[in-house]
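Residue 103 in our numbering is what sits at position 48 of the sequence shown, and the numbering runs on without skipping anything.
Hints are computed from structural coordinates only; laboratory data are not their basis.
Even glycine gets a Cβ: it sits at the ideal position worked out from N, Cα and C.
Keep in mind that the hints are not guaranteed to be accurate.
Per label pair, the in silico range of CB-to-CB distance [claimed, not checked]:
(1) 85 to 115: 31 to 41 Å
(2) 90 to 60: 33 to 43 Å
(3) 99 to 66: 16 to 26 Å
(4) 94 to 62: 31 to 41 Å
(5) 99 to 68: 14 to 24 Å
(6) 63 to 91: 19 to 29 Å
(7) 63 to 86: 29 to 39 Å
(8) 105 to 63: 21 to 31 Å
(9) 108 to 80: 27 to 37 Å
(10) 89 to 63: 38 to 48 Å
(11) 72 to 92: 12 to 22 Å
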Amino acid sequence: WLLSLHPTAAGRVYAAYGGVYVSVAILWLWGVDGIRPHLWDFVGVAITLLGMGIIMFAPR
56 WLLSLHPTAA GRVYAAYGGV YVSVAILWLW GVDGIRPHLW DFVGVAITLL
106 GMGIIMFAPR
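Start from the sequences, fold in the hints, and give me the full structure.
Here it is, written out as structure tokens:
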């Protein structure tokens with residue numbers, strides 16, 4: 056419902072926000088909480104950022 060109130064590009068903005076949010080959450084886990092992420096955490100972040108890049112930079 057919220058996306059219906061925004062212009063059509065708002066979905067891409069939310070995708071970018073999601074990619075940044077997941078990345079910062081893993082960095083926070085490592086830097087602030089002192090818990091070293093596992094390999095699969097980094098793989099998940101990479102997949103998230105790849106998906107974000109596809110959504111943000113795909114030709115229109």
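Structure-based check of all given hints:
no. : hint                  : verdict
1   : 85 to 115: 31 to 41 Å : holds, 36 Å
2   : 90 to 60: 33 to 43 Å  : holds, 38 Å
3   : 99 to 66: 16 to 26 Å  : holds, 21 Å
4   : 94 to 62: 31 to 41 Å  : holds, 39 Å
5   : 99 to 68: 14 to 24 Å  : holds, 21 Å
6   : 63 to 91: 19 to 29 Å  : violated, 40 Å
7   : 63 to 86: 29 to 39 Å  : holds, 36 Å
8   : 105 to 63: 21 to 31 Å : holds, 23 Å
9   : 108 to 80: 27 to 37 Å : violated, 18 Å
10  : 89 to 63: 38 to 48 Å  : holds, 42 Å
11  : 72 to 92: 12 to 22 Å  : holds, 21 Å
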